[in-house]
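Based on the sequences and whatever the hints tell you, model everything.
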Amino acid sequence: MSVNLFDLTGKVALVTGAVHGLGMAMAKGLGNAGATIVVNNFSKDALEEAVAEYKACGLNAYGYVFDVTDEKAVISAIEKIEKEVGNIDILVNNAGIIKRTPIVDMEVADFKAVVDVDLVGPFIVSKNVVKGMIERGGGKIINICSMMSELGRDTVSAYAAAKGGLKMLTKSMATEWAKFNIQTNGIGPGYFATSQTAPIRVDGHPFNEFIIKRTPAARWGAPEDLQGAAIFLSSKASDFVNGHVVYVDGGILATIGKPANE
1 MSVNLFDLTG KVALVTGAVH GLGMAMAKGL GNAGATIVVN NFSKDALEEA
51 VAEYKACGLN AYGYVFDVTD EKAVISAIEK IEKEVGNIDI LVNNAGIIKR
101 TPIVDMEVAD FKAVVDVDLV GPFIVSKNVV KGMIERGGGK IINICSMMSE
151 LGRDTVSAYA AAKGGLKMLT KSMATEWAKF NIQTNGIGPG YFATSQTAPI
201 RVDGHPFNEF IIKRTPAARW GAPEDLQGAA IFLSSKASDF VNGHVVYVDG
251 GILATIGKPA NE
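Each step along the sequence shown adds one to the number in my numbering, with nothing skipped, and position 8 is 8.
Treat the hints with caution; some may be incorrect.
Stated by the list, open to error - In silico DMTMM-like cross-links for lysine to aspartate or glutamate, where the CA-CA straight-line distance does not exceed 20 Å: (1) LYS99 x ASP116; (2) LYS127 x GLU71; (3) LYS80 x ASP154; (4) LYS99 x ASP110; (5) LYS131 x ASP239; (6) LYS127 x ASP203; (7) LYS83 x GLU71; (8) LYS127 x ASP110; (9) LYS112 x ASP70; (10) LYS112 x ASP67; (11) LYS99 x GLU84; (12) LYS213 x ASP203; (13) LYS44 x GLU71; (14) LYS99 x GLU82; (15) LYS131 x GLU82.
Stated by the list, open to error - Restraint ranges, calculated between C-beta atoms of paired labels, are given here: (16) ILE103 x GLN196: 38 to 46 Å; (17) GLU53 x THR9: 15 to 23 Å; (18) ALA254 x VAL65: 24 to 32 Å; (19) VAL104 x GLY58: 48 to 56 Å.
Hints listed in this document are in silico derivations from the structure and should not be mistaken for laboratory results.
Here the structure is a predicted model, which is why all the values come from computation and not from measurement.
Glycine included, each C-beta is placed from N, C-alpha and C at the ideal position.
Listed below in structure tokens is the structure:
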């Protein structure tokens, strides 16, 4: 029984932007739990490479090119996915961008671009996917939030504003859709070992030392560390979990000042 609670066999999961990094790690976790994976990207080449990697791992995967900020394109893609692959049972709003610029130097257009992808995108995709979930009487939506849903940091004002908004959007979605047996929750990743962080994850680098000392688990997260939370929030095991953000961060948000490992 406990194993069946986490079984995603027969489910279709749309994971936006999962062509690399943490999104791909979560999508692979869902695929290994039995789900059919659908990913999107605005670049056809990157999408084809990602789908090939999923298939090389023995996963059933499909790719669709569309922009999460373009509602007409989203609606068209959802129709194609549900016709060609199957009804979307699980939606993971993972697509996101970040622009690192001090507030006083940031162009309004750049601020809006981040908010459009990181906050308006999940709104657009969710409102159109959820219609089918409501008709079918159930579904799972996971919004990929961030520690910046809770904390500020230099040069990431647009990202923090969007991710803070996404946390509250998650709660609003849960409030409106829980009565339809739809669970909406979030995942907030901490600091993870990815290709993007590789240049600073070296001995002697100040930020590497800061993260290791600041995190009670005393290490960077491995992308696979996100898979358990993604599977849990996509499965029957979370059928009465609504409106929460699960922070997978090694405990960094749980403490202030010097952690126990310092």
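Against the structure, the hints come out as follows:
| no. | hint | verdict |
| --- | --- | --- |
| 1 | LYS99 x ASP116 | 13 Å, holds |
| 2 | LYS127 x GLU71 | 10 Å, holds |
| 3 | LYS80 x ASP154 | 41 Å, violated |
| 4 | LYS99 x ASP110 | 7 Å, holds |
| 5 | LYS131 x ASP239 | 19 Å, holds |
| 6 | LYS127 x ASP203 | 45 Å, violated |
| 7 | LYS83 x GLU71 | 18 Å, holds |
| 8 | LYS127 x ASP110 | 25 Å, violated |
| 9 | LYS112 x ASP70 | 14 Å, holds |
| 10 | LYS112 x ASP67 | 15 Å, holds |
| 11 | LYS99 x GLU84 | 35 Å, violated |
| 12 | LYS213 x ASP203 | 13 Å, holds |
| 13 | LYS44 x GLU71 | 19 Å, holds |
| 14 | LYS99 x GLU82 | 33 Å, violated |
| 15 | LYS131 x GLU82 | 12 Å, holds |
| 16 | ILE103 x GLN196: 38 to 46 Å | 23 Å, violated |
| 17 | GLU53 x THR9: 15 to 23 Å | 22 Å, holds |
| 18 | ALA254 x VAL65: 24 to 32 Å | 40 Å, violated |
| 19 | VAL104 x GLY58: 48 to 56 Å | 50 Å, holds |
When held up to the earlier numbered hints, the structure conflicts with 3, 6, 8, 11, 14, 16 and 18 and fits the remainder.
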